[in-house]
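Listed in order, the protein sequences are those of chains X and U. Sequential numbering of the first sequence, starting at 1, is according to UniProt numbering. Sequential numbering of the second sequence, starting at 1, is according to UniProt numbering.
A hint or two may mislead.
Here are the computed lysine-lysine pairs in the DSSO-like style, where the Cα-Cα straight-line distance is at most 27 Å [stated by the list, open to error]: (1) 342/U to 356/U; (2) 48/X to 385/U; (3) 48/X to 417/U; (4) 216/U to 48/X; (5) 329/U to 42/U.
Please keep in mind that the hints were generated in silico from the structure rather than gathered at the bench.
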Amino acid sequence: MPYLFLAPWLLGAIGLTVAPMVVSLYLSFTDYDLFNEPRWVGLDNYAKLFGDDPRYLDSVGVTLTYVGWSVPAKLLLALSVALLLNSLRGKGQAFFRSAFYAPSLLGASVGLALAWRAIFDTWVDTPDTALVTIVLLSAWQFGAPMVIFLAGLQQIPRDLFDAAAVDGAGWWRKLASITLPMLSPVLFFNLVLETIHAFQAFTQAFVVSGGRGGPADSTLFYTLYLYERGFTEFRMGYASAMAWVLLVAIALITAVLFRTSRYWVFYGDER
Amino acid sequence: MRKAMALVLGGALVAAGCGGGSGSGGQAEIRFIWWGNDDRAKITNEAVKLFESRNPDVKVATSFQNFQNYFEKLSTEIAGGNAPDVIQMDYRYLNEYAGRNVLLDLTPYVGKEIRTADWNAGFAGSGKLNDKQVAMPLAQNATTIVYDPKLFTAAGVPEPRIGWTWSDYKEIAGKLKASTGISGSTDFGGTEDVFETWLRQRGKALYRDGKLGYGKDDLKAFWQLSKDFRDANATTPAELVTTLNAGAEQTPMGKKLSASEHSYDSLYGGYNTVRPDELKLGPYPSDSKEVLGSYRKPSQLISASARTKHKDAAVKLIDFLLNDPDAGKILGANRGLPANLKIREAVAQNLSGANKVIFEYQKSVDAKLGDAPPAPPKGDGTIYKLMQRKHEEVVFGKKTIDQALDEFWRDAEEALK
Numbered sequence: 001m002p003y004l005f006l007a008p009w010l011l012g013a014i015g016l017t018v019a020p021m022v023v024s025l026y027l028s029f030t031d032y033d034l035f036n037e038p039r040w041v042g043l044d045n046y047a048k049l050f051g052d053d054p055r056y057l058d059s060v061g062v063t064l065t066y067v068g069w070s071v072p073a074k075l076l077l078a079l080s081v082a083l084l085l086n087s088l089r090g091k092g093q094a095f096f097r098s099a100f101y102a103p104s105l106l107g108a109s110v111g112l113a114l115a116w117r118a119i120f121d122t123w124v125d126t127p128d129t130a131l132v133t134i135v136l137l138s139a140w141q142f143g144a145p146m147v148i149f150l151a152g153l154q155q156i157p158r159d160l161f162d163a164a165a166v167d168g169a170g171w172w173r174k175l176a177s178i179t180l181p182m183l184s185p186v187l188f189f190n191l192v193l194e195t196i197h198a199f200q201a202f203t204q205a206f207v208v209s210g211g212r213g214g215p216a217d218s219t220l221f222y223t224l225y226l227y228e229r230g231f232t233e234f235r236m237g238y239a240s241a242m243a244w245v246l247l248v249a250i251a252l253i254t255a256v257l258f259r260t261s262r263y264w265v266f267y268g269d270e271r
Numbered sequence: 001m002r003k004a005m006a007l008v009l010g011g012a013l014v015a016a017g018c019g020g021g022s023g024s025g026g027q028a029e030i031r032f033i034w035w036g037n038d039d040r041a042k043i044t045n046e047a048v049k050l051f052e053s054r055n056p057d058v059k060v061a062t063s064f065q066n067f068q069n070y071f072e073k074l075s076t077e078i079a080g081g082n083a084p085d086v087i088q089m090d091y092r093y094l095n096e097y098a099g100r101n102v103l104l105d106l107t108p109y110v111g112k113e114i115r116t117a118d119w120n121a122g123f124a125g126s127g128k129l130n131d132k133q134v135a136m137p138l139a140q141n142a143t144t145i146v147y148d149p150k151l152f153t154a155a156g157v158p159e160p161r162i163g164w165t166w167s168d169y170k171e172i173a174g175k176l177k178a179s180t181g182i183s184g185s186t187d188f189g190g191t192e193d194v195f196e197t198w199l200r201q202r203g204k205a206l207y208r209d210g211k212l213g214y215g216k217d218d219l220k221a222f223w224q225l226s227k228d229f230r231d232a233n234a235t236t237p238a239e240l241v242t243t244l245n246a247g248a249e250q251t252p253m254g255k256k257l258s259a260s261e262h263s264y265d266s267l268y269g270g271y272n273t274v275r276p277d278e279l280k281l282g283p284y285p286s287d288s289k290e291v292l293g294s295y296r297k298p299s300q301l302i303s304a305s306a307r308t309k310h311k312d313a314a315v316k317l318i319d320f321l322l323n324d325p326d327a328g329k330i331l332g333a334n335r336g337l338p339a340n341l342k343i344r345e346a347v348a349q350n351l352s353g354a355n356k357v358i359f360e361y362q363k364s365v366d367a368k369l370g371d372a373p374p375a376p377p378k379g380d381g382t383i384y385k386l387m388q389r390k391h392e393e394v395v396f397g398k399k400t401i402d403q404a405l406d407e408f409w410r411d412a413e414e415a416l417k
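Next comes chain X alone, as it looks inside the complex:
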């Protein structure tokens, strides 16, 4: 009987996630053009990725640059605004919370990216600044981590601050010694989530660059290159190999983040 209740999820998980993943793993060892039967080529796709495809390495560079700038920028913005809103307590907090969240509601929408294109017209068309506009676009959508930060801030017991105030601690001291340590689990959660998201960014870059990762490959995100290989050059086996490398890379980076978390994340119940 429990399986009956699990069935909807189970069917979805197997049909929509596990099966396609297994198929794509298989395809990553083949030469597959979408229309004809896949042909087994062993590790060729993987060998070519790292040995003989400078554009691939470029796309890795672009993606790492994007992750390295957009994640800290977004988290910093989210945390600052959350701190500001938290100090408002009651005085229009609900209104501003919604207002700052609004850009995130629009999500990775095409309309938004088009608007961005129009606003940053020449920036978008110049290689040195095109990526900056996409980082800005992503940082501007800081609503989701902000709301989570805000919830975390409101969980911190007031008496900690009161005690600190009695001891003569100023704003900075309270931030460094109470707020940040108490907030570190939330910060960690946001960091992991946003990092994973950033690696998978696609829509913004696709629309802002007109689907080409241009100008001159300056916004050639990993996912964009994957899409180009798979769907415009019909090298689906190669694209599958790229997808698996990305999956493993994200898993590794997440694992590293978890490893470091023991040194800076404070769960309250520890000494």
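Based on the hints, put chain U in the right spot on chain X.
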């Protein structure tokens, strides 16, 4: 337990089955997709409606994209087993798709269900690959220079005319910039269509026997020509290069940032929507007295999916769009000169607006137009983008012409494998 599980699964399957099937019996539902803009969509939908009213047993769902995204969408749909039944096709992608057995062989229908009596046989043949009719050309177009005659007058320079050379163009474009402040031409070095026209003027071709039909020196000279234009302040600045292949409203010409632009005459409808009655079409500059380089190109072709469930309905729609006089009247010259010569004549009788400009242009260069080369080989779609990208790297100063050339050569040969 097992019974309950089976029941749920069965229910899901039945539900899925119902969603996918075409419930009403006897009626064929087909899907037709094309690329273009709003004005093309309007008249195409009008023609499709007329088709539906004449064929009540066929329903046609339509959709369109701009050219840039069209083939990505199409390949995704085909890969997903959800291929449209009737597909507008590009000459450049013909081999890409037909070579992968995605397009229905129309040979058995040609001359019967698809009438070709009023066609130029050579032109109909441009939809053939290895003696199989995998597409029918919808209309004919040719490369052209779109320009703004007011700016030419204001700068006191002559308008494009047969016999002008590339160095004339450079000089004129430089003067345009100097006296009007608006760029005289759009940067063309990354556009394969321009390169092809230029190559043909020198007696060469993009491809021969499935390989590149030109040498490194040719492309180097072409990129150098484009650089000469930039150095002479005769073309658009670097950041405008990236917008060349978008819709007319996004090109430098559409945004009034350039006085002339390399293009196809069949795109004039799009330009005319953005800048009504302001622009004219002129011939390409050529350093050769005899050859203009432009040719009678199938501007678009139309194919059916090899996996369509409604072959007859798809073929019927194709014939209607190509050969029905009323459809011809509605469609006009929006896709270029109609392939059916009787319809072309009928349309020519009653010309106005954009159609008139396109017809008059083609008439003025007709004697100089060449025949279409065989459809480009598989991989040309990739090379098209590659040329754009490598040229961009040159324009933005990321690479020298020689570096970009070496990389282009390596990747182009790889794409043709």
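Given the hinted pair residue 329/U and residue 42/U, is their Cα-Cα distance within 27 Å? holds (14 Å)
Given hint residue 417/U paired with residue 48/X - CA-CA distance at most 27 Å: holds (15 Å)
Measure nothing beyond the straight line between the CA atoms of residue 342/U and residue 356/U; if it is 27 Å or shorter, mark the hint as holding. holds (17 Å)
Residue 216/U paired with residue 48/X [C-alpha distance capped at 27 Å]: Holds: residue 216/U and residue 48/X sit about 26 Å apart, inside 27 Å.
Would the pair residue 48/X and residue 385/U pass a check requiring their Cα atoms to be no farther apart than 27 Å? With Cα atoms ~21 Å apart, residue 48/X and residue 385/U stay inside 27 Å; holds.
In summary, the structure agrees with every hint in the numbered list given earlier.
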